[in-house]
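Asker: Chains as they are written, first to last, in my numbering: chain A, 1 to 429; chain B, 1 to 596.
In case anyone wonders, no lab produced these hints; they're calculated from the structure.
A virtual CB, placed ideally from N, CA and C, is assigned to each residue, including glycine.
Some chain B residues judged to face chain A by a derived CB distance under 7 angstroms, without partners named:
(1) Gln10
(2) Phe13
(3) Gly17
(4) Val29
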Amino acid sequence: MEKSIWAKYDWLLLFMYIALVIFGWINLYAVGYEKGVTTASLFDFSTSTGKQFLWIVGASILFIFSLFFDTQFYRSLAYVFYAFSIVLLGATLVWGVKVGGHSSWFQWHGIQLQPTEFVKLTCALAVAKRLGNIGAKLNQFKTQLSVLLLILIPIAFILLQGDVGSALVFSVFIVVLYREGFPIIILLVGVGLVVIFVLNILLPSTYLVISALGVGLMLIGIGKKNVKRIFLISSITLAIIGLVEVFDWVEKRVLKPHHQHRLKVLVDPNADPLGIGWNVTQSKIAIGSGRLWGKGFLKGTQTKYGFVPEQRKDFIFCTIGEEYGWIGTSIFIVVFMALVLRILYIAERQRIRFARVYGYGVASVLFFHFFINVGMTIGVLPVIGIPLPFISYGGSSLWAFSIMLFILLKFDSERNQYVSWKTIAIDLE
Amino acid sequence: MYLSRSHIIQIIFILAGVTFIIKLFFIQVVNTEYSIAAEKNIVQRIEEYPYRGIIYDRNKQLLVYNNPVYDLMVIPKAVKNLNILSFCQAFNISTSEFTNALNRAKRYSHIRPSVFIKNIDHNDFAAIHTKLSDYLGFYIRARTVRKYPQAMLANTVGYVGEINTAQLLADTSQYYKQGDLIGISGLEAKYEALLRGKRGVKYKITDARGQEKGSFKEGTLDILSVPGQDLISTIDASLQLYGETLMRNKIGSIVAIEPSTGEVLAMVSSPAYDPNLLTSKNLSNNFAALERDSLAPLFHRPIMAMYPPGSIFKLVQALIALQEGVVQPNTVYSCNKKIVNCHPHPSPTNLHQAIQFSCNPYFYHVFKHIVNQHIVKDTYEDTRIGLNKWLNYVRQFGLGKQLGIDLPHEKSGYLPDVSFYDARYGEKRWKASTIRSLDIGQGEMLVTPLQMANLAAIMANRGHYYTPHLIKSIEGQTISTKKHVIQIEKNHFDFAVNAMRDVIDSSSAWRAKIKNVIVCGKTGTAENPHGEDHAVFMGFAPLEAPKIAIAVYVENAGWGARAAAAIAGLMLEKYLMGQVSRKSIEDYVLKGDFTY
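Assemble the whole structure, with the sequences as input and the hints as a guide.
Answerer: Below, the structure written as structure tokens:
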């Protein structure tokens with residue numbers, strides 16, 4: 001007997017999602033609100049708040065649509081969606097409009113669409129499909145390579161757009177791979193590469209070369225001195241030195257000065273109190289001014305700080321901090337983390353690998369945005385322009401994240417239709 | 001306890017969330033420095049414009065200094081509960097002016113400050129200052145504007161104005177922003193990097209009413225502005241002022257140099273204008289008026305006007321000829337007016353007399369002998385060799401190239417060379433007689449008044465000069481200059497200088513003669529096909545241990561021995577004696593009006 005579909009939906013997740021979205025919408029209203037001055041209502045379509053409402057309505061329609069497509073639809077068309085989104089990504093390079101320093105937007109009748117957000121979704125689907133294949137063996141080079149390619153292609157395109165922040169999001173798939181049993185060594189190498197890349201930006205490359213040489217020599221000096229070991233250490237050291245040079249070259253071509261700048265500011269907050277550092281200082285002031293209980297709804301946010309454009313997107317968390325204080329920010333973090341953990345829980349109870357991989361993808365992507373965005377506003381992470389899911393203003397990100405959740409909900413609601421994978425597939429765990 | 005990978009991931013995520021909550025606790029609850037905002041205070045970022053360097057004359061008199069000026073700034077978004085009528089009364093503007101200004105500010109930005117009223121005078125400022133707290137959203141920004149204690153040296157010092165788009169694009173250091181002031185001409189432009197100092201930033205805490213409450217974070221984030229560096233120029237202010245007075249109603253230049261150092265004592269460009277015109281509110285109007293003036297006062301004549309040197313060039317010819325050995329002091333030629341026209345004087349003459357009386361035909365021979373030394377049989381080829389030899393000497397005198405004075409847009413003058421004549425007449429189709437007008441400093445060659453004064457300095461030094469410059473020290477550090485030596489023996493220079501002495505002593509240029517001081521010089525009358533000839537004088541004093549070398553160029557003033565010599569003599573007397581006693585000559589000059 002089939003229970004009604006509604007009973008199978010994870011209401012908890014849906015509820016948390018709706019709560020966040022509505023909270024985000026009302027919060028947008030509070031940004032720049034001034035008593036006696038602001039006359040627009042929540043629904044005034046000329047304001048960003050009003051526009052966000054339209055996006056929310058759109059998301060609800062998308063939700064209803066998502067009910068009609070069953071999971072088989074997504075599973076079979078995953079690669080098609082992925083390819084299509086990559087094509088759109090490439091199209092922005094040709095026809096795109098420059099917004100906020102990178103040309104990643106389409107503009108049509110005043111509506112802006114950013115394919116980058118949707119690629120996060122399709123990439124999760126594609127990786128899920130690749131790893132969900134019966135033939136996928138995670139210790140096989142073929143599988144490892146194809147998955148890495150699926151992740152690297154969007155990164156390349158997005159870097160070409162100049163949007164380093166969004167490109168970084170894709171690095172979070174490392175969590176997905178880790179869960180699925182990728183050999184840790186590969187992941188560690190990946191992390192190592194990123195660390196070297198970042199260090200190369202912060203320090204002149206000669207420091208890195210010299211330290212690599214130093215460490216390598218030291219390792220050869222201590223410990224067994226057999227040929228194999230020495231060879232291994234030397235080749236790794238040389239590889240690192242080679243990488244440093246390659247990264248140096250890449251950084252000069254791809255990274256703009258302000259990216260290097262932002263990393264340097266993170267390390268030394270006093271490096272640029274006038275520029276980027278100023279934004280973060282202002283952000284901390286706004287958040288800090290909330291104290292324990294906050295100033296109250298609509299009573300915060302004086303726009304004298306003068307970074308209004310970012311206040312609705314990258315620095316939206318400031319408004320929460322200012323109006324609801326530490327109690328408010330803590331509750332918000334708890335709710336958001338609960339959402340992410342719920343997704344992880346849902347992912348774990350899936351019976352097919354596709355769904356689990358996909359679920360981890362969704363959780364990781366959401367977590368990454370949350371982590372970087374909030375971390376940036378409180379000054380522990382560099383200023384990278386990525387939105388806070390469901391809270392930041394923007395249709396593309398709202399829709400992309402919402403669809404991600406809707407598809408997951410669908411998979412979850414149909415999970416019992418699948419025979420448990422535990423009896424069929426072989427897993428490293 | 002076995003931890004599966006999924007557990008590890010959950011733990012990492014939770015840890016991240018907890019870390020944030022803890023960090024937020026510190027920011028929001030523990031740390032009070034962020035809570036200044038809790039009292040509805042805001043941190044204002046105020047840019048500090050540094051004090052621009054001052055330029056003094058050689059005796060530490062002010063040539064240009066900074067005058068404080070105040071702008072009324074507005075942040076439209078912060079304007080609340082404004083009583084427009086009382087505001088307009090307090091600031092003395094009409095209500096329509098108020099509305100226009102506010103709308104303009106709103107169009108620029110609601111949240112960024114913009115200028116509401118520009119250039120409020122010091123005196124008005126005092127009255128307004130106390131009322132300011134009544135008007136939310138308005139505040140005063142103080143900056144400085146250049147002021148010139150005396151109306152002189154306009155083109156030399158130059159002026160300061162707002163940076164334009166082209167300059168902003170060319171600024172690779174990215175120091176300048178829109179609305180910044182930058183030196184646009186003269187010394188202000190040349191020494192811009194030293195004069196401007198470095199912008200600073202102050203972070204101040206102000207309350208919602210705009211009252212300052214103190215420095216943010218005890219000023220640890222502040223960047224101190226670095227004041228501009230003061231410059232001491234070589235100019236002698238009283239001499240300069242005197243020169244500008246003498247040159248009133250005349251078009252031309254005076255350049256005076258101290259021969260032993262290359263320091264420029266005076267640089268007069270006429271017609272001149274009051275440099276204070278280019279600092280006030282009416283800068284653009286005044287500038288446009290000056291630009292439209294047909295006499296071109298903005299044209300910096302001492303370094304930009306190029307003229308044929310005329311008779312003063314005969315000294316150079318004589319020196320070259322003596323050095324080459326093609327003419328001796330006792331070489332005699334008669335004044336054959338069929339060769340070239342000349343004014344009445346005793347004939348024939350030796351070299352000394354030829355200089356003294358400025359005999360044109362004599363120098364026809366001199367030049368011919370320099371250029372045709374019969375090194376090869378073919379005259380045409382011989383002339384090429386000769387001209388190159390001649391050019392080699394002439395260039396050593398600093399002609400045909402920039403001297404390198406510390407001002408922008410110095411012209412190099414012009415020296416026609418072999419390829420020039422080849423292009424004009426064809427190769428091997430010109431010889432000494434073709435290019436003869438060079439012999440008396442006419443023809444195609446061009447020099448600037450600065451180069452003429454430098455020539456005078458060379459004569460004063462008997463064979464060398466220092467690069468002429470206008471700034472002698474920066475913040476107490478003296479600037480070094482380069483010495484240039486001309487490859488002509490000193491005794492030839494002694495000879496020439498003696499002749500120059502007689503030009504003043506026993507000849508037509510008596511107007512330059514000063515009591516108790518031996519003055520040496522040479523006059524010139526430059527042909528002008530369009531009107532009256534131009535008057536030229538070049539000289540120095542005293543004969544032994546000269547202190548000042550000078551060149552005077554007055555357009556359309558006729559015969560050089562009159563106007564130019566008179567002016568030069570007065571300038572020399574003023575500088576050496578401190579005052580002028582020959583009042584009749586002074587009157588003569590002051591009354592002279594040679595403008596058209």
